[in-house]
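Asks: Sequence:
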Amino acid sequence: MKRDAMTPEAREAALLEQLRRLLRGELSEGQVLRHLRREVLGMSQGDYAALVGISRRTLSDIERDAGNASMASMDRVFRPLGLRVGLLPRQPALLARLLEDDDARGPRG
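Numbering (my numbering), first residue to last: 1265 to 1373.
Hints were generated in silico from the structure; no laboratory data involved.
Every residue, glycine too, gets a C-beta built ideally from N, C-alpha and C.
Computed Cβ-Cβ distance ranges for the label pairs, DEER-style:
#: 1; residue 1: Ser1324; residue 2: Glu1276; range: 22 to 28 Å
#: 2; residue 1: Gly1306; residue 2: Leu1362; range: 32 to 38 Å
#: 3; residue 1: Ala1330; residue 2: Leu1280; range: 22 to 28 Å
#: 4; residue 1: Asp1311; residue 2: Pro1356; range: 33 to 39 Å
#: 5; residue 1: Asp1311; residue 2: Leu1363; range: 32 to 38 Å
#: 6; residue 1: Arg1348; residue 2: Ser1324; range: 18 to 24 Å
#: 7; residue 1: Arg1343; residue 2: Thr1271; range: 18 to 24 Å
#: 8; residue 1: Glu1364; residue 2: Arg1302; range: 30 to 36 Å
#: 9; residue 1: Arg1343; residue 2: Arg1284; range: 19 to 25 Å
#: 10; residue 1: Ala1360; residue 2: Arg1328; range: 25 to 31 Å
#: 11; residue 1: Leu1352; residue 2: Leu1315; range: 23 to 29 Å
#: 12; residue 1: Ser1334; residue 2: Glu1364; range: 31 to 37 Å
#: 13; residue 1: Leu1280; residue 2: Gln1309; range: 19 to 25 Å
#: 14; residue 1: Gly1306; residue 2: Ala1357; range: 35 to 41 Å
Model the full structure from these sequences, guided by the hints.
Replies: Structure (structure tokens):
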């Protein structure tokens, strides 16, 4: 489904589903980026790279989880998706505990 065919709610749902899969360890950051760029934004690598101000090669490397992209480049590629690069525990059990603790606190506001 391309960007112009998706409602804002559908785009948000797709984003949240990809993030859930990332947090469960089912997808890498590069896989999430590639899916959202193609399926949610409907953009080619070249167009997206130009949008975020990096080379197509750098974008390709990030999507393939290859190379060693800088934090600045990672922030640039995720910014149009409303995301930022952050710190997460490497250990799945610790990540699960973190998410459970957050869920137990309930909504903030």
